[in-house]
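Colleague: Going down the list, the protein sequences come from chains A and B. Residue numbering for the first sequence follows this note's numbering, starting at 1 and increasing by one per position. Residue numbering for the second sequence follows this note's numbering, starting at 1001 and increasing by one per position.
Honestly, the hints are just simulated from the structure, not real lab data. Do not take every clue at face value.
What the hints assert, rightly or not - Calculated pairs, PhoX-like style, for lysine-lysine (alpha carbon to alpha carbon, straight line, at most 25 Å):
1) A:Lys96 x B:Lys1136
2) A:Lys47 x A:Lys6
3) B:Lys1091 x B:Lys1136
4) A:Lys6 x B:Lys1091
5) B:Lys1136 x A:Lys6
6) A:Lys96 x B:Lys1091
7) A:Lys47 x A:Lys96
Unchecked claim - A few chain B residues that don't get close to chain A, going by computed Cβ distances all over 12 Å:
8) Ala1029
9) His1093
10) Ala1104
11) Gly1108
12) Gly1110
13) Ala1113
14) Phe1114
15) Asp1115
16) Glu1116
17) Ile1139
18) Arg1142
19) Leu1143
20) Glu1145
To be verified - Derived CB-CB ranges, DEER-like:
21) A:Asp109 x B:Gly1092: 51 to 61 Å
22) B:Gln1105 x A:Thr95: 28 to 38 Å
23) B:Pro1073 x A:Glu110: 22 to 32 Å
24) A:Glu118 x B:Gln1105: 25 to 35 Å
25) B:Ala1042 x A:Glu122: 23 to 33 Å
Ideal placement from N, C-alpha and C gives every residue a C-beta, glycine not left out.
Read off the chains here:
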Amino acid sequence: MATERKASVTWQGELMSGRGTIESVTSGVRGPLEVDWANRAEDAQGKTSPEELIAAAHAACFAMALSNGLAQEGHAPERLETSATVTFVPGTGITKSALTVTGTVPGLDEDAFREAAEQAKENCPVSSALRGNVELELYARLT
Amino acid sequence: MPRVERHAEVTWKGNLARGEGRISAPSGAFSELPYSAATRVAARAETTSPEELLAAAHAGCFAMSLAGELQDPDARIAVTANVVLDEVEGKGHQIVESQLTVRAQAPGLGQGAFDEAVGAADDGCPFSRLIAAGAKVTIDARLEET
Chain A
1 MATERKASVT
11 WQGELMSGRG
21 TIESVTSGVR
31 GPLEVDWANR
41 AEDAQGKTSP
51 EELIAAAHAA
61 CFAMALSNGL
71 AQEGHAPERL
81 ETSATVTFVP
91 GTGITKSALT
101 VTGTVPGLDE
111 DAFREAAEQA
121 KENCPVSSAL
131 RGNVELELYA
141 RLT
Chain B
1001 MPRVERHAEV
1011 TWKGNLARGE
1021 GRISAPSGAF
1031 SELPYSAATR
1041 VAARAETTSP
1051 EELLAAAHAG
1061 CFAMSLAGEL
1071 QDPDARIAVT
1081 ANVVLDEVEG
1091 KGHQIVESQL
1101 TVRAQAPGLG
1111 QGAFDEAVGA
1121 ADDGCPFSRL
1131 IAAGAKVTID
1141 ARLEET
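Okay, chain B solo, but in the shape it has when bound:
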């Protein structure tokens, strides 16, 4: 398959403490999302942060990867990613963990096959692989009744 590139743009005004930025995607999926240092550390409504965007990327990536493993047109998959930014001694702020919560419904699928699919989805999710060097990925997965 061909390689794919995805691009995003940010405009930042001012210093870190008081300045603010806007994030846009040429795909048109989102534009001018506001963010700032204050809202990166303490969440405030209507303002995103790099970690929130990574959480969205990881949840999106894992959900697709699991769909690829299950190969079930009736599957329903819900994934939540919680990305943790923390201060690490001697290294400053680092992304230390991404916690995935997965709830899936797939008619006729057994627990063993589901567990296997979750493991394979983690191995196959490019985002999980990407951050594995620096951060821990945890998965709480449950197969629910349809």
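So that you can see chain A by itself, here it is in the shape it has in the complex:
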């Protein structure tokens, strides 16, 4: 079954001096989020950016895929802490997503955990969508 998710943005003005608002996402989970070029290409100062949202999507997708992989091997995790760092080079594009995971998984050794994390990195739908265009990195360890 296909699943669809929608988000809308309104932008006013030019790229460098204008500003945008992300609103009316399907879920209504978060009020309007502001975006602008300075927060995207320079230091983030309380506003999000497309790259931050991709990082959030990737970290979330990876956590789900890993929890599923571990449970299928009989080692459902107690807790996984994942992160993604997405690199954006203005003028070139999005070049890398680096995933990290720290897991609490009863009865599993470090090698098996790393293997499961590698599988999740390869197979989660967001990784599949990014693959071919960006470098994917992984750092995995047990607590």
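Once you've looked at the hints, dock chain B against the given chain A.
Modeller: Relative to chain A, chain B alone:
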């Protein structure tokens, strides 16, 4: 220009079917957004999913890219992205499509120049390029009266 990194963090508890996660951004723009497998497949109010975040990223990226092409301080651009996750035979779940709907107002801009700007915005949007290898990007763009 320098390279830019953006970071986000997730805490997940439990297995896929019954567990749940929380998504946060160090920028402070959002924190502890809840999501779970159930809400990824069937949308439920107040709970996000990776696809919803990608839709927000694509809409945000395309709107900026088009603003960069139009170079008009009075431009008003509205973009909606609809991201489709589907099961592909032999490959499991894949992100297969992102459908963009673009409505813009730009005083004095002709249709031909607008169409050109939309094409250039798609070429220049890092997100469109990013998913082009695995997913289809469609654009329904219309220039509206100001």
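Colleague: Regarding the pair B:Lys1091 and B:Lys1136, is the alpha-carbon distance no greater than 25 Å?
Modeller: Holds, because 16 Å separates the two Cα atoms, which is no more than 25 Å.
Colleague: If you check the beta carbons of B:Gln1105 and A:Thr95, does the distance land in 28 to 38 Å?
Modeller: holds, 34 Å
Colleague: In this structure, is the beta-carbon distance linking A:Glu118 and B:Gln1105 contained in 25 to 35 Å?
Modeller: violated, 48 Å
Colleague: Is the Cα-Cα distance between A:Lys96 and B:Lys1091 25 Å or less?
Modeller: Given pair A:Lys96, B:Lys1091 holds - Cα atoms ~23 Å apart, limit 25 Å.
Colleague: Beyond 12 Å from chain A, beta-carbon-wise, is B:Ala1104?
Modeller: violated, 9 Å
Colleague: State, for the Cβ atoms of B:Pro1073 and A:Glu110, whether the hinted interval 22 to 32 Å holds or is violated.
Modeller: violated, 56 Å
Colleague: Grab the minimum beta-carbon distance between B:Glu1145 and chain A and tell me whether it stays above 12 Å.
Modeller: holds, 17 Å
Colleague: For the pair supplied as a hint, A:Lys47 and A:Lys6, confirm whether the alpha-carbon distance does not exceed 25 Å.
Modeller: The given pair, whose Cα atoms are some 20 Å apart, holds under the 25 Å limit.
Colleague: Would you say the C-beta atoms of B:Ala1042 and A:Glu122 sit inside 23 to 33 Å of each other?
Modeller: Holds, since B:Ala1042 and A:Glu122 (Cβ atoms, about 26 Å apart) stay within the stated range.
Colleague: Once the closest CB in chain A is found, is it more than 12 Å from B:Asp1115?
Modeller: holds, 18 Å
Colleague: Between B:Lys1136 and A:Lys6, does the CA-CA distance stay at or below 25 Å?
Modeller: holds, 16 Å
Colleague: Just want to verify: B:Gly1108 was marked as not at the interface with chain A; is every Cβ pair farther apart than 12 Å?
Modeller: B:Gly1108 is indeed farther than 12 Å from all Cβ atoms of chain A, at 15 Å.
When held up to the earlier numbered hints, the structure conflicts with 8, 9, 10, 21, 23, 24 and fits the remainder.
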